[in-house]
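Line by line, the protein sequences give chains A and B. With my numbering applied, the first sequence covers 50 to 470. With my numbering applied, the second sequence covers 22 to 509.
Hints are computed from structural coordinates only; laboratory data are not their basis. Be careful, since some hints might not be right.
Unchecked claim - Lysine to aspartate or glutamate pairs mimicking EDC-like chemistry, simulated, CA-CA at most 16 Å apart: (1) A:K269 / B:E486; (2) A:K269 / B:E295; (3) B:K497 / A:E225; (4) A:K154 / B:D403; (5) B:K469 / A:E444; (6) B:K406 / A:E291; (7) A:K424 / A:E360; (8) A:K269 / B:D305; (9) B:K316 / B:E148; (10) B:K251 / A:D353; (11) A:K106 / A:D353; (12) A:K78 / A:E113; (13) B:K316 / B:D302; (14) A:K269 / A:D254; (15) A:K269 / B:D488; (16) A:K154 / B:E408; (17) A:K434 / A:E403; (18) B:K497 / A:E198; (19) B:K294 / A:D270; (20) A:K154 / B:E404; (21) A:K130 / A:E198; (22) A:K204 / A:E295; (23) A:K269 / A:E310; (24) A:K390 / A:E357; (25) B:K412 / A:D378; (26) A:K390 / A:D320.
What the hints assert, rightly or not - With the Cβ distance kept under 10 Å, some of the chain B side facing chain A (calculated, not the full set): (27) S298; (28) K406; (29) H425; (30) N476; (31) E486.
All C-beta atoms in this analysis are idealised placements derived from N, C-alpha and C, irrespective of residue type, glycine included.
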Amino acid sequence: MEIYDIVVIGGGPAGMAAAVAARQMGIEKILLIERDRELGGILQQCIHNGFGLHNFKEDLTGPEFSERYIQRIEELDIPCKLDTMGLSITKNREVVFVNSREGLKTVKARAIVLAMGCRERARGAVNIPGSRPAGVFTAGTAQRLINIEGYMVGKKIMMLGTGDIGLIMARRLTLEGSNVIAVLARKPYPGGLMRNVVQCLYDYDIPLMLQHTIVEILGKDRVRGVLVARTDENSLPIPGTEELYECDTLILSVGLIPENELSLSAGIELDRRTGGPIVNESRETRVPGIFACGNVVHVHDLVDFVVEESEMAGKGAARFVQRSVECADASIALLPGRGLKYVVPQRVTAANVEDGLDLFLRVNRVYGPSYIEVKDGRESIKKVKRPHMSPGEMERVRINRRNIEKMKGSDLIVEAVGVEG
Amino acid sequence: MFDVAVVGAGVIGTLIARELSRYRLEVALLDRSNDVANGSTKANSGIIHAGYDAAPGSNKAKFNVLGNPLFDELCDHLDVQFNRIGSLAVAFSERERTTVEQLYERGKMNGVEGLRIIEREELQALEPNLNDTAVCALHAPQAGIIDPWEIAIAAAENAAENGVEVFLNFPVEDIDRRAGSFRIIAQDGEIGARCVINCAGVFADQIHGMVAAPSYEITPRKGQYFVLDKSAGDLVNHVIFQCPTEAGKGVLVTRSVHGNLLVGPDAQEIEDKENLSTTRDRLDFVRRSAGKISKEIPFNEVVRSFSGLRATPSTQDFVIEESKEARGFIDVAGIESPGLTAAPAIAHYIRDLLIEIRGGLEKKKDFNPLRRRVIRFMELPDERKNELIRKDPRYGRIICRCEHITEAAIVDAIHRKVGASTVDGVKKRVRPGMGRCQGGFCEPQVLKILARELNKSVTEIVKNERDSYILTGSTKCSGIGGQIHGDL
Numbered sequence: 050m051e052i053y054d055i056v057v058i059g060g061g062p063a064g065m066a067a068a069v070a071a072r073q074m075g076i077e078k079i080l081l082i083e084r085d086r087e088l089g090g091i092l093q094q095c096i097h098n099g100f101g102l103h104n105f106k107e108d109l110t111g112p113e114f115s116e117r118y119i120q121r122i123e124e125l126d127i128p129c130k131l132d133t134m135g136l137s138i139t140k141n142r143e144v145v146f147v148n149s150r151e152g153l154k155t156v157k158a159r160a161i162v163l164a165m166g167c168r169e170r171a172r173g174a175v176n177i178p179g180s181r182p183a184g185v186f187t188a189g190t191a192q193r194l195i196n197i198e199g200y201m202v203g204k205k206i207m208m209l210g211t212g213d214i215g216l217i218m219a220r221r222l223t224l225e226g227s228n229v230i231a232v233l234a235r236k237p238y239p240g241g242l243m244r245n246v247v248q249c250l251y252d253y254d255i256p257l258m259l260q261h262t263i264v265e266i267l268g269k270d271r272v273r274g275v276l277v278a279r280t281d282e283n284s285l286p287i288p289g290t291e292e293l294y295e296c297d298t299l300i301l302s303v304g305l306i307p308e309n310e311l312s313l314s315a316g317i318e319l320d321r322r323t324g325g326p327i328v329n330e331s332r333e334t335r336v337p338g339i340f341a342c343g344n345v346v347h348v349h350d351l352v353d354f355v356v357e358e359s360e361m362a363g364k365g366a367a368r369f370v371q372r373s374v375e376c377a378d379a380s381i382a383l384l385p386g387r388g389l390k391y392v393v394p395q396r397v398t399a400a401n402v403e404d405g406l407d408l409f410l411r412v413n414r415v416y417g418p419s420y421i422e423v424k425d426g427r428e429s430i431k432k433v434k435r436p437h438m439s440p441g442e443m444e445r446v447r448i449n450r451r452n453i454e455k456m457k458g459s460d461l462i463v464e465a466v467g468v469e470g
Numbered sequence: 022m023f024d025v026a027v028v029g030a031g032v033i034g035t036l037i038a039r040e041l042s043r044y045r046l047e048v049a050l051l052d053r054s055n056d057v058a059n060g061s062t063k064a065n066s067g068i069i070h071a072g073y074d075a076a077p078g079s080n081k082a083k084f085n086v087l088g089n090p091l092f093d094e095l096c097d098h099l100d101v102q103f104n105r106i107g108s109l110a111v112a113f114s115e116r117e118r119t120t121v122e123q124l125y126e127r128g129k130m131n132g133v134e135g136l137r138i139i140e141r142e143e144l145q146a147l148e149p150n151l152n153d154t155a156v157c158a159l160h161a162p163q164a165g166i167i168d169p170w171e172i173a174i175a176a177a178e179n180a181a182e183n184g185v186e187v188f189l190n191f192p193v194e195d196i197d198r199r200a201g202s203f204r205i206i207a208q209d210g211e212i213g214a215r216c217v218i219n220c221a222g223v224f225a226d227q228i229h230g231m232v233a234a235p236s237y238e239i240t241p242r243k244g245q246y247f248v249l250d251k252s253a254g255d256l257v258n259h260v261i262f263q264c265p266t267e268a269g270k271g272v273l274v275t276r277s278v279h280g281n282l283l284v285g286p287d288a289q290e291i292e293d294k295e296n297l298s299t300t301r302d303r304l305d306f307v308r309r310s311a312g313k314i315s316k317e318i319p320f321n322e323v324v325r326s327f328s329g330l331r332a333t334p335s336t337q338d339f340v341i342e343e344s345k346e347a348r349g350f351i352d353v354a355g356i357e358s359p360g361l362t363a364a365p366a367i368a369h370y371i372r373d374l375l376i377e378i379r380g381g382l383e384k385k386k387d388f389n390p391l392r393r394r395v396i397r398f399m400e401l402p403d404e405r406k407n408e409l410i411r412k413d414p415r416y417g418r419i420i421c422r423c424e425h426i427t428e429a430a431i432v433d434a435i436h437r438k439v440g441a442s443t444v445d446g447v448k449k450r451v452r453p454g455m456g457r458c459q460g461g462f463c464e465p466q467v468l469k470i471l472a473r474e475l476n477k478s479v480t481e482i483v484k485n486e487r488d489s490y491i492l493t494g495s496t497k498c499s500g501i502g503g504q505i506h507g508d509l
């Protein structure tokens with residue numbers, strides 16, 4: 050059986066950045082496995098701009114951003130297997146994959162980096178009743194059909210959900226000549242980034258209907274309309290408020306789910322809040338030597354942060370192979386307290402924190418002036434102000450190494466607190 | 022002129038056509054739809070019942086009990102997955118124990134063997150996730166699960182291999198009776214047949230009305246279901262029924278042959294025979310009702326919901342007879358539950374009826390009862406996988422990441438007799454799009470493979486029926502600079 054130092058599964062921005070970081074740490078034998086015919090992942094269908102503002106201080110399109118990493122992969126001569134599907138991994142780090150050229154193959158890895166990304170929630174998962182006609186697409190599928198395949202998905206379009214891909218697609222469909230009737234959000238706030246709401250909806254006069262949802266899909270062969278209802282404070286439809294909107298297409302942008310079937314095959318423990326593996330400061334999962342990064346860990350809103358996290362995973366995997374770190378005891382638990390949906394990482398090994406530890410988190414509702422507080426038991430060790438927070442925007446907070454060294458308890462609790470008035 | 026025209030290519034029609042293809046008969050199999058198995062066959066519980074439910078002496082009881090044991094050989098010949106996982110009809114109160122005992126007695130009267138009432142302790146060991154209100158259950162070891170459209174598609178393929186001619190998109194508009202034969206007229210054509218077998222499901226009364234005075238009515242009775250992710254499939258080990266009430270058999274919980282968990286159905290009489298929409302209130306009812314069986318059902322793992330129509334006859338029993346008014350016209354109507362179980366026995370009965378009507382049937386010498394399924398790559402041993410990839414590299418290309426469906430499997434499903442020509446047709450045959458992503462990743466690929474293999478434009482590929490178009494044209498810049506549409 051062939052042995053690699055590191056096998057990276059997934060050739061999107063996360064996998065590429067992890068592979069590059071590992072090679073820069075001096076790791077020789079790396080293998081990158083990618084399902085598609087080319088590297089880049091979902092970025093290849095994101096032909097809009099806005100990528101790389103943090104990372105490259107430039108405004109790039111998705112393919113331009115991924116091209117930078119593809120070039121680095123080539124320069125660093127990192128071997129990639131394209132058109133190759135990872136089928137399973139084991140606790141002792143064997144990876145089974147299949148492709149047309151080599152057939153079914155198992156390789157052994159000293160460390161694995163999982164970078165499979167996420168998938169979209171589909172109609173079934175949000176349980177929209179009604180008929181089952183053609184013309185219901187998830188935003189990402191529509192994006193692929195339009196931007197990669199070159200086909201249009203509809204003329205008169207209703208969109209449910211305000212995830213970032215949905216917002217981007219509302220604009221894209223408008224530019225291609227479709228009539229986007231409205232974008233509906235079940236909650237009183239949009240799910241995606243505010244900058245996308247402004248640049249994709251407001252700038253194109255596309256109505257954003259907050260606190261509305263679809264209660265029924267109509268049409269036998271093709272969508273012919275949807276019944277839209279207002280939602281109450283629990284985001285449930287209010288009976289009697291239904292209104293018919295005629296349309297031939299329904300686009301869903303109702304959330305992303307980390308794709309962790311491979312992780313489960315190795316018995317990796319997942320966090321039910323993020324849907325991704327529980328990871329530590331270097332993005333190592335609870336199975337030693339298996340690391341994870343990008344949207345497979347938690348769904349990010351910016352690729353720049355995906356890349357940053359993936360570099361941690363790539364470096365972590367490299368150190369694991371080189372045995373240059375203390376064995377990760379991950380004895381400190383990071384817990385989402387009041388007001389938080391989740392926090393990543395979930396575990397920390399104090400000795401492995403270099404100068405500081407970055408926490409990535411999401412709040413569970415919209416906050417005005419507020420602060421994020423990190424507590425060691427009851428004692429506050431960090432408090433940062435925020436003018437505004439929303440579940441659609443990931444927050445990050447840095448705590449010092451000193452704070453961690455001085456910890457009394459074994460739990461760090463992270464909370465979001467609104468400021469009165 | 023055909024000897025026999027079978028109207029309706031659901032599980033009843035396809036199994037009858039396949040049975041008749043053993044004989045020297047010219048057989049036509051017709052369906053209004055764009056594919057076989059597109060009516061009630063596509064949306065039901067997929068259960069092979071033991072036979073204790075139906076009233077003793079009824080057609081339902083008779084054909085159920087005759088049909089159940091036929092599935093082993095049938096599924097072996099047609100290479101269809103069938104698992105006799107057994108069923109449990111559970112009493113969730115001492116009061117319901119009486120019902121369980123009645124079912125047991127009725128089962129004995131119907132000739133069902135092997136039934137046994139098991140008590141709480143044994144029940145809990147068999148099914149640890151049932152609510153602990155369960156007191157006892159009727160265990161039927163011969164009950165099983167099957168993919169209902171898989172058996173119908175397999176039967177249609179095998180029938181076609183043995184000479185049956187299949188006419189899809191053939192909605193029968195009228196039937197003309199002539200001396201000794203029938204002229205069956207559809208929008209785009211007509212065929213002649215000496216004998217007509219009416220297996221038209223919810224539309225059977227309408228077809229009957231074309232040749233004879235109404236003698237029964239079919240009311241569509243809708244049932245709605247949830248399908249849960251495979252991660253939930255292990256919740257139960259048997260088909261779990263509640264005790265039946267006046268309203269029907271009630272919501273059941275079972276795993277499917279593919280490993281998903283199936284929860285449903287409710288029962289609601291409706292008027293529109295084409296209304297397949299799901300409704301929030303009925304799905305909520307299914308959810309609540311299933312809670313009586315187990316509180317552990319993870320409804321957050323639902324991958325889709327669907328509804329199906331039962332063809333409920335006004336006679337309350339299967340109508341299986343030759344019309345007295347129109348000789349040569351045979352009704353196989355009102356085939357609601359346990360119709361799937363009864364189907365192979367009904368096919369035998371129809372064969373015998375034709376032998377009687379025609380004064381004998383001559384067997385074909387070259388009938389081939391065997392049909393091979395599309396290769397399920399992932400279920401093969403590794404050596405065999407590699408052998409296949411060497412022969413056909415398309416086995417190494419996984420198109421559906423959730424169900425691990427290969428390109429070769431999709432191509433095979435398209436090029437078979439009665440092959441897939443639509444996205445749903447591919448989905449029914451090889452399952453891309455049935456998994457947790459529900460086609461989000463693979464649908465664009467499936468569209469392109471269908472277009473390539475059928476030599477059509479991608480925009481011509483439909484989801485299911487003829488008017489269920491998916492794409493509405495090209496984007497503004499398509500075609501600039503040559504080949505922009507990505508090749509597969």
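Here is what the structure says about each hint:
no., hint, verdict
1, A:K269 / B:E486, "holds (9 Å)"
2, A:K269 / B:E295, "holds (8 Å)"
3, B:K497 / A:E225, "holds (6 Å)"
4, A:K154 / B:D403, "holds (9 Å)"
5, B:K469 / A:E444, "violated (41 Å)"
6, B:K406 / A:E291, "violated (53 Å)"
7, A:K424 / A:E360, "violated (27 Å)"
8, A:K269 / B:D305, "violated (23 Å)"
9, B:K316 / B:E148, "holds (13 Å)"
10, B:K251 / A:D353, "violated (34 Å)"
11, A:K106 / A:D353, "holds (10 Å)"
12, A:K78 / A:E113, "violated (27 Å)"
13, B:K316 / B:D302, "violated (19 Å)"
14, A:K269 / A:D254, "violated (31 Å)"
15, A:K269 / B:D488, "holds (9 Å)"
16, A:K154 / B:E408, "holds (13 Å)"
17, A:K434 / A:E403, "violated (24 Å)"
18, B:K497 / A:E198, "holds (12 Å)"
19, B:K294 / A:D270, "holds (15 Å)"
20, A:K154 / B:E404, "holds (11 Å)"
21, A:K130 / A:E198, "violated (23 Å)"
22, A:K204 / A:E295, "holds (11 Å)"
23, A:K269 / A:E310, "violated (34 Å)"
24, A:K390 / A:E357, "violated (21 Å)"
25, B:K412 / A:D378, "violated (49 Å)"
26, A:K390 / A:D320, "holds (11 Å)"
27, S298, "holds (4 Å)"
28, K406, "holds (5 Å)"
29, H425, "holds (7 Å)"
30, N476, "violated (18 Å)"
31, E486, "holds (5 Å)"
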